[in-house]
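Residue numbers (the UniProt record's numbering): 1 to 143.
None of these hints come from the bench; they were simulated from the model.
Cβ atoms here follow ideal geometry from the backbone N, Cα and C, with glycine treated the same way.
Computed Cβ-Cβ distance ranges for the label pairs, DEER-style:
# : residue 1 : residue 2 : range
1 : Lys-91    : His-112   : 26 to 32 Å
2 : Arg-118   : Gly-22    : 56 to 62 Å
3 : Pro-97    : Gly-22    : 42 to 48 Å
4 : Gly-62    : Arg-117   : 39 to 45 Å
5 : Leu-40    : Met-106   : 30 to 36 Å
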Amino acid sequence: MIGVGGFTRERKTAPPSARGTGPDAFYELALRLRAAFEDLRYEIHHAVTEWNLVTVNSTMHGHHTAPIAFYTEDGKIVERWANRDDLTLAKQLGWVPPTPAYLIRMARAERHAQRIRRRVAGESEMSRHTTDRAIPSMRFSHR
Numbered sequence: 001m002i003g004v005g006g007f008t009r010e011r012k013t014a015p016p017s018a019r020g021t022g023p024d025a026f027y028e029l030a031l032r033l034r035a036a037f038e039d040l041r042y043e044i045h046h047a048v049t050e051w052n053l054v055t056v057n058s059t060m061h062g063h064h065t066a067p068i069a070f071y072t073e074d075g076k077i078v079e080r081w082a083n084r085d086d087l088t089l090a091k092q093l094g095w096v097p098p099t100p101a102y103l104i105r106m107a108r109a110e111r112h113a114q115r116i117r118r119r120v121a122g123e124s125e126m127s128r129h130t131t132d133r134a135i136p137s138m139r140f141s142h143r
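All chains should be modelled from the sequences, with the hints used to inform the complete structure.
See the structure below:
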């Protein structure tokens with residue numbers, strides 16, 4: 001499954017150990033995932049290959065315990081398709097359900113946004129009336 005030249009190439013902004021191509025860089029990516037997700041394991045449901053395309057239907061299990069970020073570009077793996085259970089992840093991270101403090105902050109932000117919208121609408125209305133008064137209206141009659 002490993003083609004000529006390996007199968008990943010990460011951006012130059014990636015850590016040096018993950019910048020290369022081939023199995024070593026791919027292994028570094030796996031290490032980063034394992035560092036971010038405690039007790040990481042994959043449950044493989046299906047793997048299908050056709051020429052140089054490999055698709056894997058899997059479920060990733062683990063607890064997200066550390067930050068993770070990575071970029072890929074011009075790599076041998078040029079696209080990654082994933083279906084994630086973001087709701088469960090958000091629950092595990094404590095984002096859902098929202099805390100009372102978060103709800104209060106959002107209510108305040110919404111009220112602030114409404115005040116700004118009303119102020120902008122009022123200024124717009126005032127400038128329209130000011131313009132109407134400054135420019136006399138002209139009536140034309142057609143004979």
